[in-house]
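So the protein lines, in turn, are chains A and B.
Note that the working numbering has the first sequence beginning at 1, numbered continuously upward.
Note that the working numbering has the second sequence beginning at 1001, numbered continuously upward.
Note that these hints are calculated values from the structure, not bench results.
Watch out, some of these pointers could steer you wrong.
[Said to hold, decoys possible] So the derived label-pair ranges between C-beta atoms look like this:
| hint | chain 1 | residue 1 | chain 2 | residue 2 | range |
| --- | --- | --- | --- | --- | --- |
| 1 | B | V1021 | A | S135 | 39 to 47 angstroms |
| 2 | A | K188 | B | Q1048 | 25 to 33 angstroms |
| 3 | A | S135 | B | L1009 | 54 to 62 angstroms |
[To be verified] Some chain A residues close to chain B (C-beta under 7 angstroms, calculated; not the full set):
| hint | residue |
| --- | --- |
| 4 | R203 |
| 5 | N233 |
| 6 | A236 |
| 7 | A239 |
| 8 | A240 |
Backbone N, C-alpha and C fix where the C-beta goes; we use that ideal spot for every residue, glycine too.
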Amino acid sequence: MRRWRGPFIALLILALALPAWAQEKPRSGGELVFVVPSEPPSYDAHQEETFGVIHPMAPHYSTLLRVDPFDKTGTKPVGDLAESWTISKDGLVYTFKIRRDVKFHDGSELTSKDVKASYDKILSPPAGVKSLRASAYGSVKAVDTPDAHTVRFMLKWPESSLLLNLASPWNWIYKADILAKDPHWYEKNVMGTGPFKFVEHVRGSHWVGKKNPDYWDKGKPYLDSYRAIFISNSAAQVAAVRGERAMIQFRSFSPPERDSLVQALGPKIAVQESPWDCLNFVSMHHEKKPFDDKRVRRALSLALDRYEGSKALSRITLVKDVAGIIVPGTPYATPPQELEKLAGYGRDINVNRAEAKRLLKEAGVPEGFAFTFKNRGIPHPYEPLGIWLIDQWRQIGLNVKQEILEASAYHPMLKRGDFEVAMDFQCGFIVEPDLDLGRFPSTSDANYGKHKDTVIDDLYVRQARATDTEERKRILRTLEKRLLDDEAHVVYTLQWHRIIPHNSRVKGWTITPSHYLNNQLDTVWLTE
Amino acid sequence: MHTYLLKRLLLIFPTLFGVAVVTFLLIRIIPGDVVELRYSGDRGAVSQQLLDQERARIGLDKPVWRQFATWIWGVARLDFGQSMWTGAPIWQEIKLRFALSLQVAVMATIVAVLLAIPLGVLAALKQDTWIDYAVRVFSIAGLAMPSFWLGIVLILMLLIVFQWLPPMVYTPFWVSPWQNLAQLIWPALAVGYRYSAVATRMTRSAMLEVLREDYIRTARAKGLMQKLVLSRHALKNAMLPVLTVVAIEFAFLIGGLVVTEQVFNLNGIGLLFVQAVAHRDYTLLQALVMLVAGAFILVNFLMDVAYAWLDPRIRYR
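Bound conformation, chain A alone (with noise of 0.2 angstroms):
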């Protein structure tokens, strides 16, 4: 009986773990059925800015590198048509391999040329064709195929963010015939390499993709099909999900709507987190008394209590991590203990407020001074963060006012500079310094506040040069020790935080920081 025991309990493991190992298993089958805020204005990725786009459209499409679908950092670069690359040791030119096994939806095949037209189309669009990133792609000199399956970026100067640029989700890749033709075909037509074929679209209402059998991924996409609904108001969105009309919503719910699906959904619910690559920070108008002076604008930071903010507001809004210019957990990220040593960073709260009054004494502004912050009317997470910031801003003597406007009048206002104290905002769509720095040198058409820091725009460009990971970082931290501590240009906030809960069938998707990336749907399955 006793030599029977051994195989007996392994055979005993074996039968436990099959069911657990087989669920994991991808299976195919099935329609995603997912909701979407916001719906394409157009379809051409090139010329848009809003998720509305990624999110329903994306899986028709490839890009030449994309992220890793299962980096939670989201700033792992690997290929999507590109099979491998190489990169010359002066770093000025960059040589992409392209699958050879890729067709369009049409059943053409892709070649380099495409990649190319599609590059040239972002880089330098014809007359009347908007392309709204092209300034991140300075540094290319020209783009040019040695042969049907080869393409090479060639640089002016090194770029450290130049792999994640071209794993844009953005840069979609066109058939190069009918750009040639029609540079708006693109706008109102569908047509890429990706692992969905396009179905349908009702405007309003629904997007439909099904599944690509020649997709080059073999035994890819999972998924039958998917259906996208577009779903603006944030209390239906929640229903569809409860009422499971809809499996999972790929931006963003509140921590309260998250809590109320957990509440009803029980197990049925999944619930993924990240640091959101998105961040409110707070403007101040340098051309303006008193903001010209950075004792008052280290002040206004240096009261805000962010470690306690972050506990209070996580639990109501989209915001929770305390941290730097790079979004916690990332590569570039300010280590915790570097990040305290900042401005209004550091744990004791009433020594910074001391140091805060101290400084606003020193700067001639009086007890009670008053002035008005200027915030953008929506719900999550401008408005809590408004209020909280007036509280905080209170208690080291200062009397705030706020006015909230609506979106089309808060831009304009930015823009003009009609304001003291704003409310401001970055999102960015890949976790890379480059990016999410864009809009701090000088002469960046989103530099509201209008300071002039040369050693800002100095440390950006050197920083956006640097091939070393190492020195990068350093040449950060001292960027990031310049912009919120010793000028104080900006004050941040708090991270934003991203929560999905969603259906707990749908499998092969992980969250990242961005909303924007990981939608290509390629990966992703349902459980029975």
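Following the hints, position chain B against chain A.
Just chain B now, with coordinates in the frame of chain A:
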């Protein structure tokens, strides 16, 4: 009669022109424009040059009078242009949503009429009895409750009690009647109840007034059955003001279910209105206002015709 109707028909054009002018000017008073909103997404850092180019492309750089002239000339040819947000032809955007809004309006009207007329008549006949009081409570509750609130309650009830939610995507009736009704019956009930409350009050008071008329007394004195007195003499005459209320509410429903459509995620004209305002999609918004104004004018015109038909005493000159 014919001259009167012709005059009424001709008056439609200056009325619509007035609506067009007011709409065109009013929406331009709201700060911001479609270009600002479209390109101020999550990054919010699009260059001024690009914004200017886009404004020029859709004609927003031209003087207002010229924009108006171009638009009104298109309207005169029934060409409402393209949506500034999507670039799709306006008629396409509206056609998509119109069937749904029309169906909800028709269903809500049926719900309202089925509730309002029997209840209103009953309340009038049983004036100051418990039945009358119960109908009053029912109808005043309907007036007090916004239909979107009732919609939310209905959705929560379906979710919590039945763990079921109406379909989120519109299926035309001829494709799947069951799917179609499963989605639209709830908003029709929510809207129809409020709508019925107005009509019930009107039916009750009109009936009370008519029941005191001499010709009703005469009919009764002649020994006519109560049923005949009510249906042939009282109800027909009491229906005139009720018909007005029902018709005007119906026209309102075509574009007025703004919040209810959001609550039930209905891809109708009301939701399109909200999106057009939110996007500052001037061309779409102008077309939608013209559509609703047209619906009101048409309903009013038809009402005038119906009045003459229903009440021979009414003669237009």
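Quick rundown of the hints versus the structure:
For B/V1021 paired with A/S135, a C-beta distance near 42 angstroms keeps the hint of 39 to 47 angstroms intact. Separated by about 27 angstroms at the C-beta atoms, A/K188 and B/Q1048 satisfy the suggested range of 25 to 33 angstroms. For A/S135 paired with B/L1009, a C-beta distance near 57 angstroms keeps the hint of 54 to 62 angstroms intact. Because the beta carbon of A/R203 sits about 6 angstroms from the nearest beta carbon in chain B, less than 7 angstroms, this interface hint is met.
The closest approach between the C-beta of A/N233 and any C-beta of chain B is roughly 4 angstroms, which is under the 7 angstroms cut-off, so the hint is satisfied. Given the 7 angstroms rule on beta carbons, the hint for A/A236 holds: about 5 angstroms separates it from the nearest Cβ of chain B. A cut of 7 angstroms between beta carbons decides the hint on A/A239: the least distance to chain B is about 6 angstroms, and the hint holds. Annotation: interface hint on A/A240 holds; nearest CB of chain B at approximately 6 angstroms, less than 7 angstroms.
Of the numbered hints given earlier, the model fails none.
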